[in-house]
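Colleague: Under the numbering used here, the first residue of the sequence shown carries the number 1486, and numbering increases by one thereafter.
All clues given are correct.
Straight-line Cα separation of at most 30 Å, BS3-like style, residue types lysine-lysine; simulated pairs: (1) Lys1683 x Lys1609; (2) Lys1594 x Lys1570; (3) Lys1582 x Lys1676; (4) Lys1609 x Lys1701; (5) Lys1493 x Lys1594; (6) Lys1530 x Lys1493; (7) Lys1575 x Lys1602; (8) Lys1570 x Lys1683; (9) Lys1575 x Lys1676; (10) Lys1637 x Lys1602; (11) Lys1609 x Lys1637; (12) Lys1582 x Lys1609; (13) Lys1602 x Lys1544.
So the derived label-pair ranges between C-beta atoms look like this: (14) Pro1644 x Ser1503: 42 to 52 Å; (15) Gln1533 x Gly1639: 29 to 39 Å; (16) Phe1590 x Ser1503: 11 to 21 Å; (17) Gln1606 x Ser1503: 26 to 36 Å; (18) Gln1668 x Gln1606: 22 to 32 Å; (19) Lys1609 x Arg1536: 39 to 49 Å; (20) His1697 x Lys1602: 25 to 35 Å.
Derived by calculation from the structure, the hints in this document are not laboratory data. Ideal placement from N, C-alpha and C gives every residue a C-beta, glycine not left out.
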Amino acid sequence: MPIYLYSKPDVILAIGDSEFEIEAHEYTLASQSEFFKAALRSGLKESQERRITLPEITKDNMITVLNWLYRVPVETYYAYNMHGKQPFSKETAQALKDIMQTFDFLQIKGAGRDYCKFMEQSLKEIRVGSTGTQLNAEDAESIVTQLNELYKSGASISPSAMNNLVDEITRGYSNLGDDSIPQNFIEVFGKLSDPDGKCFRDISVAYARELHTRLKQQRTINFSEY
1486 MPIYLYSKPD VILAIGDSEF EIEAHEYTLA SQSEFFKAAL RSGLKESQER RITLPEITKD
1546 NMITVLNWLY RVPVETYYAY NMHGKQPFSK ETAQALKDIM QTFDFLQIKG AGRDYCKFME
1606 QSLKEIRVGS TGTQLNAEDA ESIVTQLNEL YKSGASISPS AMNNLVDEIT RGYSNLGDDS
1666 IPQNFIEVFG KLSDPDGKCF RDISVAYARE LHTRLKQQRT INFSEY
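All chains should be built: construct the whole structure from the sequences, respecting the hints.
Modeller: Right, dumping it as structure tokens:
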């Protein structure tokens, strides 16, 4: 049984620029976060006062981090409106970016892998012009931002999900002659200030695989004409 289930909290976290405080357990924090380990076990003022002030972190993001540390099932970070979830909205991308940066600031590893499941599911549900999630040109910035943040955290997207994304990016151009979607993705990737190399590698492999498939199809069509 985890120690925090039967022991009293022994650390106070003062969050943001308000007076909001959260009680937690040193064992849970320090065993999973290098930041908390340094603050609580290296003789600093915080280790004596048992109080850590975190003005850089918002209340919502700190609760999200604590839920993960205490093994509460991860909740979707997607923004919602009256029509349902918005996996590729700017609000969703910013929410994930803030969460991942909070984990990074606190030097906590592994959370990105749990958040990948939401992104993977959404990428697999993309369908241009069908009943699935509609992919639009304006989605490019949000998708690229989320992919890059997840990869920077040490996570990665499965080849099947990445392949589906690339397939749907190119499908609109192939079927409708609309190059706005691939063009937007190219522009957004080109403007990334802190691109993750593994993210670029995986999407490049997916693009190469898609190109190879389409070239084979074109060759088959050409041969059939003779």
